[in-house]
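All chains, full assembly: derive it from the sequences and hints.
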Amino acid sequence: MTDTATPSDTGLDVEDLDAAAADAAADLDAPTANNAGDHGADEHDDHATSLGLSNMKLAMWLFLGSECLLFGALISTYLLSKTRFLTELVAGNPNVIEGLMGEEAVEALPDGTRGSIENVGEIFQEMAAEASVEPIFDIPFTSFSSFVLLMSSLAMVLAHKATEEGDYKNQRIWLAATATMGSIFIGGQIAEFTIFFREGLTFGGSLFGSAFYTLTGFHGVHVTGGIVMLMALLILSFRGKLNSDRAETVELVGLYWHFVDVVWVLIFTIVYLIP
Amino acid sequence: MADSAVSDAPVSHDDHAHGEHDHPTEAAYWKIFAILAVLTAVEVLWSYLGLSGPALVVPLIVMMLVKFVLVAGWFMHLKYDLSILNGRYFTILFAFGLVLAVAVYFVVFASFDWQI
Amino acid sequence: MAVIENNPMALPVGESANRASNPLGVFARPRAVTGLKDWLTTVDHKKIGIMYGSAAMFFLLIGGAAALALRIQLATPNSSFLSADAYNQAFTMHGTVMVFLVVMPIGAAFANYLLPLQVGARDVAFPRINAFSFWVFLFGGLMLNTSWFLGGGANGGWFNYAPNNGIIYSPSHGIDFWNVGLLIAGIGSLTGAVNLITTVLNMRAPGMTLMRMPVFVWMTLVTQFLLLFAIPVLTVAQILLLMDRNFGASFFAVDLGADPLLWQHLFWIFGHPEVYLMILPAFGIVSEVIPTFARKPIFGYPFMVFSGVAIGFMGWGVWAHHMFVSGLGPLSVSAFSFATMFIAVPTGVKVLNWLATLWGGKLTLNTAMLFAIGLVTQFTIGGISGVSHAIAPSDTQQTDTYYIVAHFHYVLFGGALFGFISGLYFWWPKAFGYKLNEGHGKFNFWAMVLGFNLTFGPMHILGLQGMPRRMHTYDDAMGFNLWNFVASIGSFILAIGTLWVLVNAFISYRAWKAEGRPDVGPDPWDGRTLEWAIQSPAPEHNFDVTPQVTALDDFWHQKYNEVEHGKLKRVATGAELAQPGNGEGVHLPAPSYWPIFLSASMPVIGYGVIFSLWLLVPGLLMMTAGLFGWALEPADDLDIDDHGHGHDADDHELVGAH
Amino acid sequence: MHNLRPTPMMKRSLAIAALGLFLSACADDKPLNTFEDRGPRAKQLNDLMYPWIWGIMALVFVLVVFGGIALTIKNRVAPEDFDPDDLPEQVHGNPKLEWGWTAVPAVILAVISIPTIITIWSLEETNDERNADSTTLCDGPLDVMVIGQQWWWEYRYDTNCNGFFEDVNGDGVVDDTDKEWPLEIALDDDDLVVANQLVIPTGEQVDLIITSRDVIHSYWIPRLNGKRDAVPGRIHTWNIEADAPGEYNGWCTEYCGLSHARMRMSAVALTPAEFQDWLAEQTAPADIPNEEADHLAWEGRQLFQNNCASCHVVTEDENDPDDVAFDYGQDFEASLAARAAPNLTHFASRTVFAGAIFSQYRGVDADDDDLFTKLGLTDDDPANDIPYTELGESGLQLNEVQLRRWISNAPSMKAMDPDNLLGMPAFPQLTEEDLEALVAYLETLD
Ligand code: HEA
Ligand code: HEA
Ligand code: CUA
Ligand SMILES: [Cu+2]
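Residue numbers (our numbering), protein chains in the order written: chain X, 1 to 275; chain E, 1001 to 1116; chain D, 2001 to 2658; chain G, 3001 to 3446.
Source of the hints: derived by calculation from the structure; they are not laboratory data.
Some hints could be false.
[Stated by the list, open to error] Here are the computed lysine-lysine pairs in the BS3-like style, where the Cα-Cα straight-line distance is at most 25 Å:
id, chain 1, residue 1, chain 2, residue 2
1, D, Lys2567, G, Lys3074
2, G, Lys3096, D, Lys2362
3, D, Lys2442, G, Lys3074
4, E, Lys1079, X, Lys169
5, D, Lys2567, G, Lys3096
Owing to the predicted nature of the structure, the values given are computational and were not obtained by experimental measurement.
This is how it looks when you write it as structure tokens:
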């Protein structure tokens, strides 16, 4: 490669990778990697673009920049909804309580009080005061799954490193480890959702429920997407198509994976640890 | 215009765009991970100390940010990619999104919660 | 798609004529057999640009028809042409269609067509994603408009405030269509933004430094950044609404303690950058047109660039000026009022630099130039009224009145659309190989200027006399009769003027064909930027040889040499310098079915969310199939591509047919 | 056919209406014109802009627009004179000049921002700060609670001096814990509640405490001040002040669904003395028509209680809590959208009804251009066969045709959606006689 590389070269090379950017589903990138053999080496291993950064990588960073605003908005919505929810709960807003505990809770009230806003408010205020003291979260459980997700980030960098070094055995081990840990995390989230739902935190019943499920659910969807990409990488690796030339593919999936992890770092503290 | 922030001539690098040379070693990765793990543990413990108000929140936020920086800086190689010297500083565009998000949503909060 | 096929503009596409002159096309790429298939599967940025433009024109007719219905209703007091509900749908859909399906895609059309040409690239960074962006936009837009037939359009206003957008207050499906359609279209904007930014930053020809990029490229770059960061905010707002309306969440349930201002903040954090991303491409266009026809360089190139960047930055700090009366505290209002006013500074720099470019120039007043000057003057009027809104206390009288309606039509129509039409006249020969008729162009311009000012000028008066917007009717006794009537008359003149763009395209095409399709030449306007250094219409592979750039307006400097200080002498014509268009061995990305296929799954999912979750099954299946098909298809390898065989022959046939 | 007993209050209302008509006539027939300020707040807004800021804007306009046109004309080259080799001087820019026109607008705007920000803060001043010595209500200046709903306005006056909110939980303070939907904090139902026509005293700032029961609306009386949104779940303060007695019109300016265009307001300013009289009359309970003396109205009252009282309140005895016919705390579902209907206790003392879009009284010769004719209710309308009630010397007549049509089929006069609990339903079952009786009853509610 030389410094006279022109966009016409890169235009092609990049198109190879084009698929990978589809909605950041870098898993798609993986199969295209098999084009590697289809062109002369001089064509694809040359990343001399205007900025000296590969198109794919630039695109991925841009996409992640945009994701910052997405998660930023979701986290803000969560914080706002939670604050609002707590204020109303403590104030004994009967609608909030009904949303949280179901209509039966209201029905179950002593006769004289039912239907009278004032009294319902009073009674529920006490219930609410109790309810808000006792957090629904199971911190040790979530800490464990957060830890697993953090660890998966380590596995991810190690997979990348192994790929760069052409150590395919370790590459596969670490990729598989990353995917497995991601799946454990998702499994934990599903379990958690089920428990919360049983305990009465419905999606629509309260601001808090809506915001909690939407924020963590969105994150979960991102993790799931990452797992799919990792599986695709694994398949490629077993087919022998994920050689050290394509380390960038692994790096891109890694960027995405770490980003999702970093978002969880924020969510864990903001949602779970800060009451 | 001085050369820096707004780029000049297209640069062409003979190191691969993701050169192998400037990334942390495997040991370093493990070290970072150890720190992350310890921080997570401290975070969780802290949340059990029964503190409230700033005493609870501020350390948690600080630890959260440290974790954020560690993952972004080392695992995502931002620490290396953000360096002006290697010509790959356009990953700063990500940082731009991040800063923008923080700033904008902070203002939203200010206008909500402090009723200003 | 029928739209595109029937559109007179879409027919005379570059390649055919070009290939006729280079019969073998030199680059034997897999080609679709029929014209239609070609358009559906193309990944060529130029064709995609043309499709964006055609789709926008189609939606302009829909949005315009809705606007005319509004004006008929308002022409007289207590009119009953439209019912209250029909009127509410009409203005909501008018605003939504115009903003999201007309102005934004026209910007994308110019960006797609021109960016690679102006930076000297072969195509955009990710051609298939480019096609995907377009189809997603188109399907989202079409889906939004099917609401007309499926129970009525959205009726919440284009910013659709909560809680009125909730299921309780707006039980019809209109708002679901608004929500889902725009979510889908937003995916296209986001992928488009990533793609185009990468293209500009990473695929410039050698020597094309950032500070040698044409102003249009700069403005589009800023635009795409605004999209990149603004779209996700709207996406979140819409997802919250989707969860509320379709899945029973309660983000905007006030009785549970929600704050309706959350929607306003999210919408306008998106919405204000949105208005700048509608105007900046137009600013870029006139910054190309004015120097070309004034025959002198743009005045103060660095200021033009940095003021554009400054607008992009500042655009993020002013969103709450749409909320001056929403009940923010006085501190917020003061801060946003202050910040908003200062956006006039970089914008003023642009306006004054354009005037300075006109100063001392030798102006060729053809249609493109007239529209460019039209932008400078008409936009300024809108900008000035903008500043009067920025003064928050006076905005408490102005907001939600026709004074605002006047403001944003002056900036949107008098700014963005005038700029776009200028660009259309300017780059038409590059895209299609012939110029648009000047006589009709002049009529086009004057009808529009007259109609435009007659329509929207009086709205300033109406607004200050107290006429609120979004009113399906008003009373005789309110004193609004006269100016409403004038505005309604004006809107019909304006509609004729606007339609004349299409009429002119048709007439000019007919005349060109009758004359035996004469070659307009690579450089009909004595242009300054790289796209004029190749044949017209632009060959499919853009450049035979990647250009080497040594200066701003490099092409111009090749044509003219400086003899003494400031004086230039022509040394060559554009035609002499232009690349012949016979590039050897150019390897181009192959067309693909997958972008359109994958995009087509989106509306299926969308309808599923609205009508029946069962539809999600085929939708998601389609999506998965699309993703895998896409991933497994090599981007540009002829031999593996199943429709890649024997296309040389088809190519010849295609050429023969023309 | 029955006779109205014009009360002093009614005469005054009519005088107001006449005055309103007169004022809007001399105001160039543009009742919402923002330039014609009729109070210090609105004047403040105009003074901020005129002459300096409007002047600067006009100047920029002239410079750029006419400058641009002049440059174009001066520098144009006719096609036949075009010479490709004759180029103008290639000026690339002039940094000094450009910095100049960056700085000058910046300075201008910085200067403009000073009065702007001062005005922003000044507009927030409460009436306690501005007319501290006023004793209009509860020994202080007047505050009025303004509640928007689809598509009419309710006004509350704190006549029992308890504040606007009730101490629901009985802990002695009204605070965030006294929550009740539809309002964030429960309303004090013992206050004076009126609908669709705001009445204020002249010469002092009245603070408006604005909120909404359903979607966002916006309160705007252009001649008295700018607007402020009525947002459900939030309480916003704003203020208005009128210099002279008269009727001032407004229009809801935040899109609020179907009949947004039919949601207007009417604010009547009275001299302080008249205002006190008005208050006294409004706080009195409604008269109950006498079965013998006013049989028609008495029948109307029966009909009203059977058909209308499920939504509308008429307070007949201020000590009887059951008078509050529709307690919107009772039924969340029903109250979800329509929630409440205008309080009709002193209906006939207002000059407007139904979101202030119809007048209750019509000038004898005003029928040529009022909404009445525009709605197609010509004098040939069979409904018109019922003669107008004579109203003594005022020269105004009860707008009986519209009132009757409203009661029998309100959605035909104002787009509403009663099926979805939006607005008032139609009553096809009411006969002509029923309608006559109902109107007669409503007229006694003065
Ligand atoms: C292309 C789109 C576009 C553009 C470019 C602008 C440009 C500006 N807009 Fe506009 N705006 C809209 C589209 C746009 N707007 C839309 C669609 C709405 C309504 C949305 C809705 O409610 O539906 C809106 C609404 C809107 C509001 C809210 C009004 C309300 O609802 O109450 C405000 C308030 O501040 C505002 C301000 C401005 C300002 C200060 C500018 C400035 O950028 C203008 C700057 C330009 C100039 C000032 C002219 C040139 C300058 C000079 C020659 C220098 C010298 C000038 C001076 C010293 C004054 N706009
Ligand atoms: C770029 C954006 C754009 C453009 C170009 C226009 C163009 C026009 N607009 Fe619009 N407008 C908006 C953006 C735009 N508008 C927005 C954002 C709103 C706010 C919406 C809201 O409040 O939510 C708005 C609101 C708005 C209103 C206020 C409605 C209200 O508040 O009650 C009015 C009223 O006159 C109006 C009129 C017009 C007219 C007459 C045109 C004319 O320029 C149109 C000219 C006509 C044509 C270009 C069409 C030619 C077509 C035909 C002749 C029909 C042929 C038909 C077929 C073949 C199907 N617009
Ligand atoms: Cu109420 Cu508009
Ligand atoms: Cu704005």
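* Taking only the CA atoms, is the gap from Lys3096 of chain G to Lys2362 of chain D under or equal to 25 Å? -> holds (24 Å)
* Starting from Lys1079 of chain E, check that the Cα of Lys169 of chain X is at most 25 Å away, please. => Between Lys1079 of chain E and Lys169 of chain X the Cα gap is close to 28 Å, so the pair fails against 25 Å, i.e. violated.
* **Proposed proximity, Lys3074 of chain G with Lys2442 of chain D (alpha carbon, max 25 Å)** => This hinted pair holds, its Cα atoms lying about 19 Å apart.
* Asked: Regarding the pair Lys2567 of chain D and Lys3074 of chain G, is the alpha-carbon distance no greater than 25 Å?
  -> Distance of about 21 Å is within 25 Å: holds.
* Are Lys2567 of chain D and Lys3096 of chain G close enough, with their CA atoms no more than 25 Å apart? -> holds (22 Å)
Hint check: a violation occurs at hint 4 only; the rest are consistent with the structure.
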